[in-house]
Each structure stands twice: as C-alpha cells, then as structure tokens.
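Novice: The chain contents come next:
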Amino acid sequence: MNSIGLLFILALYVSILFYVAYWAEKKSHSKWTNNAYIYSFSLAVYCTAWTYYGSIGVAANSGLGYMPIYLGPMIIIPAWMIILKKIIRISRVNKISSIADFISLRYGNSRFLGALVTLICVAGVLPYISLQLKSISETFHIVTKTHSDFNVFLDTTTYVCIALALFASYYGTRYVDASEKRRGIVTAVAIESILKLVFFLIIGVYVTYFVYDGFDDIYTKASVLEDFDKKNTIGSVTDGINWFFLCVLSMFAIFLLPRQFHTAIVENNKERHIKTAMWLLPLYLLLFNIFVFPIAWGGNILFEGKGLNSDTYPLLIPQFFNNNVLTVLVFLGGFSAAISMIIVSSISLSTMLSNNLLIPYGFIGSLQNVSPEKNSRRIVNSRKIGIFSLIILSYVIYRVFILDYSLVSIGLVSFVIIAQLAPSFFGALFWRRGSKNGAVTGIILGFLICLYTLLVPYAIGIFNSSSSFIQEGPWGIALLKPLQLFGLDYLDPIPHAVFWSLFVNLISYLSISVSFKGNYRERNYAEMFIDIDQYVSNHEDAFIWKGTAYISDIQKVLERFLGVERTKRGLSIFNLKYNIDKNVTTADARFIKFAENLLTGHIGTASAKILISSVIKEDVITLTEVLRILEESKENIIVNKKLIETSNELKKISSQLKAANQELVNKDIQKDEFLDTVTHELRTPITAIRAASEILYEDDDIPKELQKQFLQNIISESDRLNRLIDKILDLEKFETGKQKIYLSKNNIVKTIEKSLDSLKQLIENKNSTVRFDINSNEIKVFYDEERIVQVVHNLLSNAIKFCSATNGEIEIAILEKKEAIEVQIHNNGNLIKEEDFEAIFDKFYQSRNQNVKKPIGSGLGLAICKQIIEHHKGEIWVENKSENGVVFIFTLPNYNTIENN
Amino acid sequence: MKKILIVDDEPNIVMALEYTFKKNNFEVFIARDGQEAFVILKNQLPDLIILDVMMPLVDGYATLTQIKNDERLRDCKVIFLTAKNKEKDIEKGLALGADLYVLKPFSVKKLVEQVHQLL
Chain A
1 MNSIGLLFIL
11 ALYVSILFYV
21 AYWAEKKSHS
31 KWTNNAYIYS
41 FSLAVYCTAW
51 TYYGSIGVAA
61 NSGLGYMPIY
71 LGPMIIIPAW
81 MIILKKIIRI
91 SRVNKISSIA
101 DFISLRYGNS
111 RFLGALVTLI
121 CVAGVLPYIS
131 LQLKSISETF
141 HIVTKTHSDF
151 NVFLDTTTYV
161 CIALALFASY
171 YGTRYVDASE
181 KRRGIVTAVA
191 IESILKLVFF
201 LIIGVYVTYF
211 VYDGFDDIYT
221 KASVLEDFDK
231 KNTIGSVTDG
241 INWFFLCVLS
251 MFAIFLLPRQ
261 FHTAIVENNK
271 ERHIKTAMWL
281 LPLYLLLFNI
291 FVFPIAWGGN
301 ILFEGKGLNS
311 DTYPLLIPQF
321 FNNNVLTVLV
331 FLGGFSAAIS
341 MIIVSSISLS
351 TMLSNNLLIP
361 YGFIGSLQNV
371 SPEKNSRRIV
381 NSRKIGIFSL
391 IILSYVIYRV
401 FILDYSLVSI
411 GLVSFVIIAQ
421 LAPSFFGALF
431 WRRGSKNGAV
441 TGIILGFLIC
451 LYTLLVPYAI
461 GIFNSSSSFI
471 QEGPWGIALL
481 KPLQLFGLDY
491 LDPIPHAVFW
501 SLFVNLISYL
511 SISVSFKGNY
521 RERNYAEMFI
531 DIDQYVSNHE
541 DAFIWKGTAY
551 ISDIQKVLER
561 FLGVERTKRG
571 LSIFNLKYNI
581 DKNVTTADAR
591 FIKFAENLLT
601 GHIGTASAKI
611 LISSVIKEDV
621 ITLTEVLRIL
631 EESKENIIVN
641 KKLIETSNEL
651 KKISSQLKAA
661 NQELVNKDIQ
671 KDEFLDTVTH
681 ELRTPITAIR
691 AASEILYEDD
701 DIPKELQKQF
711 LQNIISESDR
721 LNRLIDKILD
731 LEKFETGKQK
741 IYLSKNNIVK
751 TIEKSLDSLK
761 QLIENKNSTV
771 RFDINSNEIK
781 VFYDEERIVQ
791 VVHNLLSNAI
801 KFCSATNGEI
811 EIAILEKKEA
821 IEVQIHNNGN
831 LIKEEDFEAI
841 FDKFYQSRNQ
851 NVKKPIGSGL
861 GLAICKQIIE
871 HHKGEIWVEN
881 KSENGVVFIF
891 TLPNYNTIEN
901 N
Chain B
1 MKKILIVDDE
11 PNIVMALEYT
21 FKKNNFEVFI
31 ARDGQEAFVI
41 LKNQLPDLII
51 LDVMMPLVDG
61 YATLTQIKND
71 ERLRDCKVIF
81 LTAKNKEKDI
91 EKGLALGADL
101 YVLKPFSVKK
111 LVEQVHQLL
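The listed protein sequences derive, respectively, from chains A and B. Residues 1 to 901 in the numbering used here are what the first sequence lists, from first letter to last. Residues 1 to 119 in the numbering used here are what the second sequence lists, from first letter to last.
I should point out that these hints are in silico values taken from the structure, not numbers from a laboratory. Being a predicted model, the structure only gives us computed values, none of them experimental. For each residue, glycine too, the CB sits at the ideal point set by N, CA and C. Mixed in with the good hints, there may be bad ones.
[Stated by the list, open to error] EDC-like cross-link-like pairs, simulated, lysine to aspartate or glutamate; straight-line CA separation at most 20 Å:
no.	chain 1	residue 1	chain 2	residue 2
1	B	LYS110	A	GLU698
2	B	LYS22	A	ASP700
3	A	LYS873	A	GLU838
4	B	LYS22	A	GLU698
5	B	LYS109	A	GLU694
6	A	LYS708	B	GLU113
7	A	LYS780	A	GLU816
8	A	LYS801	B	ASP9
9	B	LYS23	A	GLU694
10	B	LYS88	A	ASP676
11	A	LYS873	A	GLU785
12	B	LYS92	B	GLU113
13	B	LYS22	A	ASP701
14	B	LYS92	A	GLU673
[Stated by the list, open to error] Chain A side only, calculated, beta carbon under 8 Å to chain B, not exhaustive:
no.	residue
15	ALA79
16	MET81
17	HIS680
18	ARG683
19	THR687
20	ALA688
21	ARG690
22	ALA692
23	GLU694
24	GLU698
25	LEU706
26	ASN713
27	GLU717
Work the whole structure out from these sequences, hints included.
Specialist: Structure representation (structure tokens):
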C-alpha cells in the first residue's frame with residue numbers, strides 16, 4: 001500500500017474519532033457517555049502499542065515473559081473496591097487532577113514534592129510516548145513498505161506525529177479547570193479500546209484458523225523449533241523471582257501511571273462504575289492475551305531465521321499472505337492503542353507540568369494581577385504548548401535514543417521509574433506518620449538507583465561488552481556493577497533495578513518518616529486522606545488553620561481566576577453549606593480550604609495554596625495542637641453521628657408510638673361501636689319481650705289466640721337473645737385465643753351435606769336450587785367438624801338469604817389443591833362492592849359504615865367464620881363473579897400432601 | 001278516629017304496638033321502613049307517626065327529614081321509638097323535629113299516655 005493511501009485512511013480514521021469526541025462532548029450528560037462501560041473501556045488505555053506489538057515480540061523471543069504485565073493488574077484489581085474508591089473520594093473532595101497533586105497534597109501541599117513527582121512522571125512517561133511513536137512510525141513503514149528516512153523532515157511519520165501533537169493539544173485543553181471531566185476524550189479512548197481489541201482478535205483468529213489449523217497445529221509446528229521448551233517454561237527460582245518483580249511492577253503501574261490515574265480517578269463520574277470495571281478490565285486483558293501466543297509462534301514458524309522484528313508479526317503475517325485489508329486493520333488497531341496512550345498521557349503530563357511546575361515556580365507572579373480571561377488563556381496556552389512539546393520531544397527521543405530497542409524494554413523502564421512513586425503514594429492512603437521529607441528522600445534515592453542501574457546502562461547499550469562500566473563496575477569495583485549491584489547477580493536487569501530502587505526508596509521513606517516528625521499541615525492532610533470516609537461531605541471541616549484572613553481579599557484572588565460570576569456562585573454555595581451569614585467578613589479555616597479547592601483545578605494545589613497564603617496571615621500551630629483539634633473534631637463528628645442516630649431512633653420510636661396510639665384509638669372506636677351495636681341488638685328482643693309481657697299482664701280480655709301468639713313471640717325472642725349472647729361469647733373467645741380447635745380427620749363432603757340438610761326448609765321456602773358438584777364422595781381433611789359446620793351453615797344461610805329472589809341458585813364446589821382444600825359457595829345475588837371485600841368479615845361492619853342501617857342477621861356470622869378458618873390456618877375471602885353473583889371461598893390446609901412431602 | 005303509622009322492621013314489636021293502639025281506638029298503618037312508609041303516606045295523612053331509627057333501606061332520620069320537607073305532612077306528630085340511647089342520638093332526633101324520643105325497651109302503657117298527651 002502506498003503512503004498517500006494509508007495517510008488518507010489514517011486521516012479518515014482520526015476524523016471519525018474526532019467526531020466521536022466532539023459528539024460525546026456535546027452529549028456529556030447523556031447516559032451514552034456516562035456509563036460504567038465507557039469508564040471501564042477507557043481504563044484499557046493500559047493496553048498500548050506495547051501490548052499490541054510488544055507482547056508478541058516478547059512471546060516470540062522469550063516465551064511466557066509477556067504475562068506478568070497483565071497478571072499484576074489482575075491480581076490487584078479486586079482491591080480496587082477499597083483502594084480505588086478511597087483515592088477517588090480524596091481526589092473528588094480536594095479537586096485533585098493528577099497524581100502529582102495527590103501526592104504533594106497529602107504531604108502538606110508541598111510545592112517541591114509536586115514538582116518532583118511531575119519530573120518523575122515526565123522522566124517515566126516521555127520514553128513511553130516515544131515507544132508509541134516508534135511503533136506508529138515503524139508499522140507505518142512496514143505497511144507502506146518504505147524505510148524510515150534518516151532525514152526527519154523527509155520522513156512521513158514525522159508529519160503524522162506533528163498532526164497528532166496538534167490534535168492532542170487542541171482537544172486536551174478544552175477546560176481550564178483540570179479536574180473537570182473530559183467526556184469527549186474519554187469516550188473516544190473507550191471506543192479505541194474496543195477497536196484495538198476487536199482488530200487484535202481478528203488477526204488472532206486469522207493466524208490461528210486461516211493461516212494455521214488451530215492452536216494444536218501451531219503448537220505442533222512450533223514445538224520443533226529451537227529453544228521452544230526453554231522459552232515456554234518458568235524454569236528456576238530465579239525466573240520465578242523475576243516474574244514476581246514484574247508482577248509487582250505492573251501492579252503499581254495500574255495505579256501510578258499518569259494516564260491510569262487520569263482515566264481511573266480524575267475521569268471517574270460515579271463510584272459504582274468501579275464495580276463494572278473490576279470484572280470488565282480483567283476480562284479485557286484476558287481476551288487480549290488469548291492470541292498472543294499463536295501469533296508470536298505462528299510468526300516464528302513463518303519467518304524463522306529471517307531476522308525480522310518479531311514485534312511486528314501481526315502486520316507481517318497478513319502482509320506475507322498479501323492480505324491488505326487485514327494489514328491495514330491491524331495497523332489501525334495498533335495506531336488506536338498508541339494514540340489513546342499518547343493523548344491521555346500528554347494531557348495528564350501537561351496538567352502536571354503547568355499546575356505543579358510552571359505555575360508554582362514560574363509565572364504565578366504574572367498571574368496575580370491580570371483579568372480572569374487573560375489568566376485562563378495563559379493557563380490553557382501553557383498546557384497546549386506543553387502537550388505539543390511533550391509529543392515532539394518524545395519523537396526526538398525516539399529518533400535519537402531508542403531507535404533500536406524493543407518496545408517492551410522501553411515500556412518496562414518507564415514502569416520502573418513510575419514505580420518510585422509507590423511508597424509515598426500507598427503510604428498516603430494508609431500511613432499517618434508518612435512525612436514529606438521521607439517521601440522526597442525516597443523518591444529521589446529510588447530514582448537515582450534507577451538511573452544508575454537502568455538508565456545509564458541502557459544509554460550505554462545494555463549488552464555492550466566493551467563497556468567496562470557495565471562489565472566491571474566503576475573504577476573496577478565489582479560490588480558497584482550496575483547490573484549486579486552489591487553482588488546481586490541472579491536477577492534480570494529490570495527486576496534487579498526494581499528490587500534495589502524500591503528497596504532503598506521504601507526504607508528511606510519509612511525511616512525518615514519515623515525519625516523526623518512532619519509539620520502540622522502534613523499531619524492535617526494525613527488525617528484527611530486516611531479518614532476520608534468521615535470527611536467526604538464536609539471535608540472543609542477537617543482543615544486546620546489559625547490566623548487572620550478577610551473574605552474580601554480571598555474573593556479578589558478567586559475572581560482573578562474564576563471570574564466575578566463563578567466566584568459569587570461559589571461563595572453563596574459555601575455560605576449555604578455551612579449556614580454562614582453573608583455579612584461575615586473574616587474567613588475561617590473552612591473558607592480557606594474551600595477557596596483553595598476552587599483554585600486547585602485551575603492551577604494545582606501548590607499554586608492555590610501560594611495564592612491564598614499571599615492574602616492571609618497564618619499563625620503557626622504546633623503539631624500537638626493540630627492533633628488536639630483533629631481529635632476534637634473527630635469527637636465532634638462521632639458525637640454528631642451519635643446525636644443523629646439517637647434523634648433518628650427517637651423519631652422512629654415516636655412514629656411507632658404514634659402508629660400504636662392510632663391503632664389504640666381505632667380499636668377504642670371499634671370497641672365503642674361494637675358495644676353500641678351489641679347493646680342495640682340485645683335491646684331489640686328485650687323490647688319485644690317486654691311489650692308482649694306487659695300486654696299479657698295488663699290486658700285481661702285479650703283473645704286466647706293472640707295471647708298464645710304473644711307468648712310464642714316471647715319464646716322466640718328469648719331464643720334470639722340467647723343465640724346472640726352465644727355468638728358474642730364465641731367471638732370473644734376466638735379473639736382472645738381462649739377458643740380451642742379440635743382437629744380430627746373428617747370428610748368435608750359429609751360435613752357440607754350435613755349443613756345442607758339442616759337448611760333444607762329454608763331453601764324450599766325461598767324456592768332456590770342448590771347444586772353440589774363432587775368428584776368423589778370422600779375428601780379427607782383435618783378440621784374441627786363442629787366449627788366447620790358452623791362456617792358452612794353460616795355461608796349457606798347467607799347464600800340463601802342473598803341469592804336472587806326469583807330464581808335463586810346456589811352452587812357448592814370443592815377443589816383439591818396441593819396446598820389446600822378449597823370450598824366455594826356461590827350464589828347468584830347482587831354483587832358486593834369491592835371496597836367491602838374485607839370489611840364484611842369485620843363484626844357489625846354494616847353498623848360502622850352506615851350507622852343507622854340495620855344489619856341483616858346478627859352482623860357477627862362472617863366475623864366468626866373468619867376466626868374459625870384462621871384458627872384452622874386457612875383463608876376466607878369473597879369474590880364477585882362477573883354479572884353472576886358472589887362466591888365465598890374458604891381453604892383448609894391439605895395436610896395429606898403436606899405430610900407426604 | 002285518629003290515624004297512627006308505625007314504622008319498624010321488628011315484627012314482634014310491631015305486633016305489640018298494633019294490638020295496643022287498635023285497642024285504644026286508633027286506625028293503625030304499618031310500614032317496615034321509610035320506603036314503605038311513604039307508599040302509605042301517599043294516600044293517608046296520619047295524626048301520629050311512630051318511627052324506629054335503625055331500619056333496612058331508608059332509616060328513621062332520613063324518613064323524618066323527608067316528612068318535614070313535605071308541606072302536607074309537616075303537622076304530623078312524630079315519635080322516635082328506638083334503642084339508640086346515646087345523648088347525641090337523642091339530640092339529633094329532636095333536632096330533626098321529632099316531638100318525642102322514646103327509648104326501647106318501653107312501657108306500652110306509658111307510651112299510650114304520651115301519645116294521648118301529644119294529640
């Protein structure tokens with residue numbers, strides 16, 4: 001393929017990505033750009049061109065050595081739930097926008113430490129970006145079958161890099177506030193992550209199944225190659241130790257690499273997205289690794305002895321078979337991997353450079369007295385230039401220094417340099433005593449060791465046998481041999497450097513932190529970092545400061561960076577949050593922290609502190625005082641928490657009391673109504689009895705026949721009175737639990753027939769028909785027969801009473817279900833209002849709804865039925881059959897099946 | 001002969017009242033609730049109406065309200081005869097315009113005396 005064609009495809013591809021970024025930026029609040037998947041895939045920026053090409057090279061040359069770089073993250077990722085969440089919270093409340101901010105803030109907002117971390121990051125990441133440019137340039141030449149020109153200005157890839165640098169510097173600096181989210185970039189990176197994986201899988205499948213006949217085929221053919229076994233076994237303990245150090249290295253890298261910190265922390269929208277990333281990212285890494293081995297060894301078989309760069313097998317294989325489409329796809333995948341890394345890294349590096357190095361050490365003075373617009377423009381421009389020059393510088397490094405090194409070796413050097421931040425970084429999260437001096441010493445010494453054991457030998461040429469420095473040590477002192485320091489001669493160069501640098505780094509961090517106390521500010525931030533969960537909603541409370549400060553002075557500083565409008569908004573939010581009167585003129589510690597936070601996103605923590613400090617007068621506080629205040633505020637928080645808990649509890653109890661009281665009141669009303677109705681019901685027969693008796697007593701010439709009639713009335717009303725009293729007592733017994741149920745095995749069919757018999761007369765009187773459909777004559781159920789007769793009798797007499805007057809129909813059915821026996825009694829009378837479905841089972845329910853309507857019957861029958869059935873652990877309810885009357889249903893537990901089960 | 005209308009749904013109480021008032025030379029009409037009462041009142045204008053409160057369909061209060069709204073029936077004397085013995089029930093009954101509120105159970109002899117006094 002010719003260069004113009006490939007350039008055209010590249011331009012098209014980049015403009016599509018550009019469009020995606022543009023679109024996502026516009027939709028920055030939609031769920032398409034703010035979901036856990038975009039977040040998780042953006043984390044896959046971890047897989048750069050190094051993964052894409054470099055792993056293949058390692059696998060082809062030294063077998064399984066490529067794996068620790070993926071194993072490390074997979075091992076540590078489960079701990080994200082705790083560690084990453086903590087880092088995200090700390091960063092969010094403090095508006096932290098880079099790892100330099102993070103570390104320097106913890107150690108007392110130290111300007112020097114911030115600058116140091118920035119330099120370490122630049123030192124670590126620049127070669128890494130060079131590595132990406134190298135891969136773009138080399139693969140470009142492979143695809144176009146051209147050779148890199150010795151004159152940089154005639155090499156096409158130079159112009160690709162310049163274009164890339166322009167693109168990144170334009171897109172990476174949309175916001176002045178560096179802690180602002182950049183949805184566009186993140187979405188584009190996520191899409192690229194998906195694309196690079198898909199393209200890589202495609203080439204994997206192609207090599208495995210089209211070039212060869214599956215994994216077995218490759219394995220068989222590869223196993224006869226020289227050194228196959230040696231390369232693909234983890235041999236001695238030494239190899240194991242080498243593996244171990246590489247795993248540790250990549251574990252650190254997934255936290256510390258500026259691009260990882262940026263995507264995982266600064267761009268995190270919701271803490272819960274971590275959960276998705278925790279499974280998706282390891283899965284992603286796993287998928288990426290499936291075809292590494294087949295491609296590498298497939299290439300080894302094809303190109304054995306031709307001396308080709310094994311890094312580029314994914315391109316060489318399809319090219320070898322003249323598959324242009326696939327070659328270009330693979331190239332685009334690798335290109336995606338490279339530019340994601342370049343863009344995200346250069347954004348985060350340039351933020352660090354401007355916020356932690358340039359502004360605090362350089363032009364902070366010139367920012368003091370200018371308008372907010374000018375300030376913003378200056379900051380953004382400094383970042384733009386930063387990104388542009390970082391990429392160009394990386395390209396220069398690539399052209400000058402590392403043309404000949406493999407991708408992996410450069411990448412690992414970067415990892416080792418970045419890993420120097422590990423002790424102070426993880427110490428920041430978990431160790432209160434860690435001090436600034438400890439951190440600074442550790443990082444500097446660690447880096448010097450790296451320089452000595454890794455960078456210098458690499459610069460000289462690591463396998464340069466003519467260098468006496470490497471072979472014999474400086475001045476011939478064997479103990480100082482850079483690759484076998486102090487006689488440690490069984491580790492590979494990288495693990496060797498990891499061991500010594502981190503060992504010295506950690507020891508000095510620990511010992512200096514323990515030996516010399518840090519200042520009060522360090523201790524203040526230590527508490528805030530470690531106990532972040534306590535301060536997450538009111539972290540300003542945790543900031544300790546004493547002195548004199550005026551809100552108007554601070555306000556002026558803020559206005560210079562945020563503008564009048566945003567400053568005013570910020571102030572009113574603060575006043576609202578802490579309930580502070582807007583006429584207060586002096587600033588307290590909370591306000592100072594708040595103001596620093598507002599500035600931090602723009603100019604970094606260190607400069608924010610410098611600017612605010614310039615307008616306030618701070619008194620010195622002793623460390624003991626800080627500890628005392630912290631202790632107090634902690635106690636306050638605990639007391640507050642307790643108070644809130646107690647008050648919540650009280651609230652709960654009082655609402656429970658209220659509910660209980662309401663229930664009592666309701667019960668009382670119910671009881672009154674019940675009594676009312678009962679007395680009324682009792683008085684009615686008494687009235688009839690009294691009237692009849694009086695007439696019989698007073699009236700001597702009453703006809704014989706009438707006399708008898710009155711006596712008959714007295715008898716029947718007495719009976720009625722007695723029945724009523726029985727029912728009331730019955731109900732009372734059930735309700736107070738005094739009524740016992742005597743269960744025995746009975747035939748429900750017989751029981752229903754018995755009840756029907758006793759009602760024969762009534763049925764005939766009303767001229768209604770009764771249908772009792774049964775499948776068998778015997779259905780055995782456990783129940784108290786006397787009580788169930790009472791229920792069935794009651795339901796049947798209701799059915800007779802309420803069925804249609806002209807052509808009354810009553811149907812009885814028994815359903816045998818697994819859980820229960822169900823008895824249905826249906827009548828074709830009027831429907832019951834749905835809202836009464838439950839109320840009709842209350843005693844005297846009619847009396848409650850309509851105080852003066854007379855209940856039909858005693859008003860107690862259904863209430864008793866309900867009690868009986870519930871004592872049998874069954875249920876009773878009523879349903880309307882559409883247009884066709886009402887059905888009462890009760891169930892009795894089917895102990896037959898329950899026992900069998 | 002004075003006319004009396006008894007409105008109550010308890011047949012045995014009605015029977016005692018019917019016997020008593022017939023014996024005291026009243027012409028007696030009987031209704032089981034308000035609805036039936038108005039069927040009778042269409043054709044009859046009794047001198048006295050004895051009303052129960054708790055009845056199916058149309059209760060005593062509603063019946064009385066309707067009677068008092070009727071020009072023709074306005075001068076009928078009305079006695080509530082009920083077991084609702086709470087003070088607020090009594091007040092309500094009298095407020096609606098009943099001439100007398102008699103509690104159940106009642107003395108037949110005394111009721112006759114009260115009726116005579118009223119007419």
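Novice: Hint by hint, say whether it matches the structure.
Specialist: Each hint, compared with the structure:
1. LYS110(B) to GLU698(A): Cα-Cα ~12 Å, so holds.
2. LYS22(B) to ASP700(A): Answer holds: LYS22(B) to ASP700(A) is near 16 Å, not above 20 Å.
3. LYS873(A) to GLU838(A): Given pair LYS873(A), GLU838(A) holds - Cα atoms ~18 Å apart, limit 20 Å.
4. LYS22(B) to GLU698(A): The hint holds at about 15 Å.
5. LYS109(B) to GLU694(A): holds (8 Å)
6. LYS708(A) to GLU113(B): Cα-Cα ~26 Å, so violated.
7. LYS780(A) to GLU816(A): holds (10 Å)
8. LYS801(A) to ASP9(B): Distance ~17 Å between LYS801(A) and ASP9(B) Cα, so the pair holds.
9. LYS23(B) to GLU694(A): holds (14 Å)
10. LYS88(B) to ASP676(A): With a Cα-Cα distance of about 13 Å, the restraint between LYS88(B) and ASP676(A) holds, given a limit of 20 Å.
11. LYS873(A) to GLU785(A): holds (15 Å)
12. LYS92(B) to GLU113(B): At roughly 24 Å apart (the allowed maximum being 20 Å), GLU113(B) and LYS92(B) break the hint.
13. LYS22(B) to ASP701(A): holds (14 Å)
14. LYS92(B) to GLU673(A): holds (18 Å)
15. ALA79: violated (74 Å)
16. MET81: violated (67 Å)
17. HIS680: holds (5 Å)
18. ARG683: At 4 Å from the nearest chain B Cβ, ARG683(A) passes the 8 Å test, so the hint holds.
19. THR687: Because about 4 Å separates THR687(A) from the closest Cβ in chain B, which is inside the 8 Å limit, the hint holds.
20. ALA688: holds (4 Å)
21. ARG690: Interface hint status for ARG690(A): holds (4 Å vs cutoff 8 Å).
22. ALA692: holds (5 Å)
23. GLU694: holds (5 Å)
24. GLU698: holds (6 Å)
25. LEU706: holds (7 Å)
26. ASN713: Holds. Min distance 4 Å.
27. GLU717: Cβ of GLU717(A) sits 6 Å from chain B, so the hint holds.
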